[in-house]
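If you read the protein sequences in the order shown, they are chains A and B. Once you know that position 15 of the first sequence is 15 in the working numbering, the rest is easy, because the numbers rise by one and skip nothing. Once you know that position 38 of the second sequence is 38 in the working numbering, the rest is easy, because the numbers rise by one and skip nothing.
These are computed hints drawn from the structure, not numbers from a lab. Predicted, not measured: the structure shown is a model, and the values here were computed from it. Misleading hints may appear alongside valid ones.
Quick list of in silico lysine-lysine cross-link-like pairs, DSS-like style, CA-CA up to 27 Å [unchecked claim]:
1) B/K69 - A/K9
2) A/K9 - B/K179
3) A/K74 - B/K105
4) A/K69 - B/K69
5) B/K179 - A/K69
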Amino acid sequence: MENKEKLTKAFTESLGIEPQLVTDELTYNTIPQWDSTAHMVLIAELENVFDVMLDTDDIIDLSSVAQAKIILQKYDDNIEFA
Amino acid sequence: MNNTIVNRYQVTLLPIALEHQPLLRRWRNGPDIKECMFSNETISEAQQLTWFERVKERENQWHWIVSYKGLFIGSTNIKATEEGASVHESPELEAGLYIGEGRYKNNILAFAPTLAMYDYCFEQFNTQHFKARVKATNSAAIHYNQKLGYKTIRTEKQGSVLEMLLTYNDYQNSTKMLKQFLSRSSKK
Chain A
1 MENKEKLTKA FTESLGIEPQ LVTDELTYNT IPQWDSTAHM VLIAELENVF
51 DVMLDTDDII DLSSVAQAKI ILQKYDDNIE FA
Chain B
1 MNNTIVNRYQ VTLLPIALEH QPLLRRWRNG PDIKECMFSN ETISEAQQLT
51 WFERVKEREN QWHWIVSYKG LFIGSTNIKA TEEGASVHES PELEAGLYIG
101 EGRYKNNILA FAPTLAMYDY CFEQFNTQHF KARVKATNSA AIHYNQKLGY
151 KTIRTEKQGS VLEMLLTYND YQNSTKMLKQ FLSRSSKK
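This is chain A alone, in the form it adopts within the complex (with noise of 0.2 Å):
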C-alpha cells in the first residue's frame, strides 16, 4: 500500500471518518470527530503504521493532515507521499 493510502486509512480508522474528508486542510478540533481522544487513537495508529515513535513536541505540532506528513517525513527520508 503506498504511503498516501497508508495516511488516508489511519486517519479515517482513527477518527472515524470518510475518506474525502482527509485532505490536507482537515484540522485538529475543527470536526467533531477529530477532538482529543480521536487525536491519541489517530498517534498511535500512525506510529504503528509508519513504524515510528513521535516526541512530545510533534505530537503537539500534529494538528493537520499536511503537518502529519511533514512530521512524519522527519522520521524517514523513506516516506514519501507524492
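Starting from the known structure of chain A, fit chain B onto it as the hints suggest.
Showing chain B alone in chain A's frame:
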C-alpha cells in the same frame, strides 16, 4: 500567596506577577474568551490592576500564567470553594483555564496546564475533587472537561449553567493516555 512554580507536561506554570497583567487583560478582553466568562464586561487597565492587587496574596485562590517553550500561552487558576479555607486545605477546588495564544487553542497542548495543575493539587494539597461551573453554551469547555473525567452533576439557572465534578479516580482513569503523550521526550 502563590509562590509555586509547576513544571510538567512540557509547560511551566508561573505565579502571575504585575508584569503579566497587560497580557492577561488583552487575552481576557478577547471576544472568544470574554463570551465564555460569567461576567463578559470589558476589563479596564485600572480594573485589571485592582484585581491583581486583590488576589496576589490570597490563599484561597492561586493564579498562574502558562509558559510553553518560553512563550506565554494562557492562564490557569484554582479557587477554594470552602468558606475560609486555603487552596491547600479545601477538599474541593474550582479550576479555571484559558488559552490566549491562538495557535494553541485548538491543540492537544491545551490539556497540559490543567494536567500539571491537577496533578499538583491532588498530590500536594488536600484536594478530593474539582468542581466546575460552565455555561451550557460553552460546548468547548464542557467537552474539554468531559475528556478530563468530569461528570455533570446538576444544572442551574434553568439549565443555562452546568455544574461538573471531577473525582481523583475519574481523573486518573480519563487522562492516562493524554499524560503519556505529553510526557515523552521533547526537543526543548
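query: So which of the earlier hints does this model not fit?
result: Failing hint: just 1.
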